[in-house]
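J.: So you can see what is in the structure, the chains are spelled out below.
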Amino acid sequence: MKSSVIIFPGSNCDRDMDVALKKFGFQNQMIWHNDIKIPKSDLIVLPGGFSYGDYLRCGSIAGKSKIIKSVIDFANSGGLVLGICNGFQILTETGLLPGILLQNKYLNFICKNVFVKIKNKENKYFKKIKKEVLELHIAHNEGNYFCSKDELKSIEDNGQIAVTYCDHEGNDDEKNNPNGALKNIAGIFNKDKNILGMMPHPERMIDPFLSGEDGSLFFENLIESL
Amino acid sequence: MKVKVIVTLKNGVLDPQGKAIQQTLNGMAFNNVSEVRQGKYFDIEVNESDEGKAKFQVEEMCKKLLANLVIEDYNIL
Numbered sequence: 001m002k003s004s005v006i007i008f009p010g011s012n013c014d015r016d017m018d019v020a021l022k023k024f025g026f027q028n029q030m031i032w033h034n035d036i037k038i039p040k041s042d043l044i045v046l047p048g049g050f051s052y053g054d055y056l057r058c059g060s061i062a063g064k065s066k067i068i069k070s071v072i073d074f075a076n077s078g079g080l081v082l083g084i085c086n087g088f089q090i091l092t093e094t095g096l097l098p099g100i101l102l103q104n105k106y107l108n109f110i111c112k113n114v115f116v117k118i119k120n121k122e123n124k125y126f127k128k129i130k131k132e133v134l135e136l137h138i139a140h141n142e143g144n145y146f147c148s149k150d151e152l153k154s155i156e157d158n159g160q161i162a163v164t165y166c167d168h169e170g171n172d173d174e175k176n177n178p179n180g181a182l183k184n185i186a187g188i189f190n191k192d193k194n195i196l197g198m199m200p201h202p203e204r205m206i207d208p209f210l211s212g213e214d215g216s217l218f219f220e221n222l223i224e225s226l
Numbered sequence: 001m002k003v004k005v006i007v008t009l010k011n012g013v014l015d016p017q018g019k020a021i022q023q024t025l026n027g028m029a030f031n032n033v034s035e036v037r038q039g040k041y042f043d044i045e046v047n048e049s050d051e052g053k054a055k056f057q058v059e060e061m062c063k064k065l066l067a068n069l070v071i072e073d074y075n076i077l
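Sequence order for the protein chains is B and G.
Throughout the first sequence, residue numbering follows this note's numbering, covering 1 to 226 in sequence.
Throughout the second sequence, residue numbering follows this note's numbering, covering 1 to 77 in sequence.
Fair warning: there could be bad hints in the mix.
[Claimed, not checked] These stretches of chain B come out as covered by chain G in the derived footprint (C-beta under 8 Å, 3 or more residues): (1) 49–63; (2) 99–111; (3) 138–150.
Hints listed in this document are in silico derivations from the structure and should not be mistaken for laboratory results.
Note that CB positions come from ideal geometry on N, CA and C, so glycine has one too.
Bound conformation, chain B alone:
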């Protein structure tokens, strides 16, 4: 399986993602933002970081970069596109995913482990994961998911909520909401479920000695599902 990680100026989780993808069997290639074409891929990843210094709005400049047209074409043809953290912000700025990530409610940069509840397994990203709750890492200043009421209804009706912040038992209530996100949303799909954007970093949880292993479950499922 071939994957491509796009590098923007200011991306800083691109190499972690490269290590994670390779560990679980992907043949990964790194693609520069100024390129126009993406080589044949089964998965495109927009990594975390601070693309273009978070200028204007997080992800807004990357959302208009040269490479993005290829990413949009790939996504619209049904290809799997995964955006983590800043990658999620970029996906909302391109319009591939609805809504936007606002500044965290309490103005703090949050860097900690959290639990997220898998809300929909009828997709390639979570299909064969046996657990319902995963422990992953978040590190962001703008992770407060927001969209209009109509959009929220449509997201809920179409099963587009992918993961929500919760406690270790899976209670995804306001008490377990780190950043003010609507409905505790930590990640969403597009309607066809081939595009996933999420704030938590699975690539940081692939080594039991350094962090945890729930990210491994994510990547193991991904390569098996493709």
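Got chain B sorted already, so can you dock chain G onto it with the hints?
T.: Leaving out everything else, chain G in the frame of chain B:
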């Protein structure tokens, strides 16, 4: 010609920075400040002498890049 644009958050969208500024102003004895909403201001030099054309272009810029219409409104001055 120069075109000026102000981008502001829509009503109802949380503005934690504005809130922090308001609280700081209150702490500085500006007790009558009840709300602050922070926005963005752009000075755009367009190589175009026709004002209508320039503003039309800037409006496109606002829709496509300068403002995110999910949360922001723009005002071309």
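J.: Hints first: check each against the structure and report whether it holds.
T.: Now the hints, each set against the structure:
With a threshold of 8 Å between beta carbons, the proposed coverage of the region 49–63 of chain B by chain G holds, since 3 of its residues qualify and at least three are required. Taking a C-beta to C-beta cut-off of 8 Å, the region 99–111 of chain B contributes 8 residues in contact with chain G, enough for the three needed, and the coverage statement holds. Note: the region 138–150 of chain B has 4 residues with beta-carbon separation from chain G under 8 Å; the three-residue rule is met and the coverage holds.
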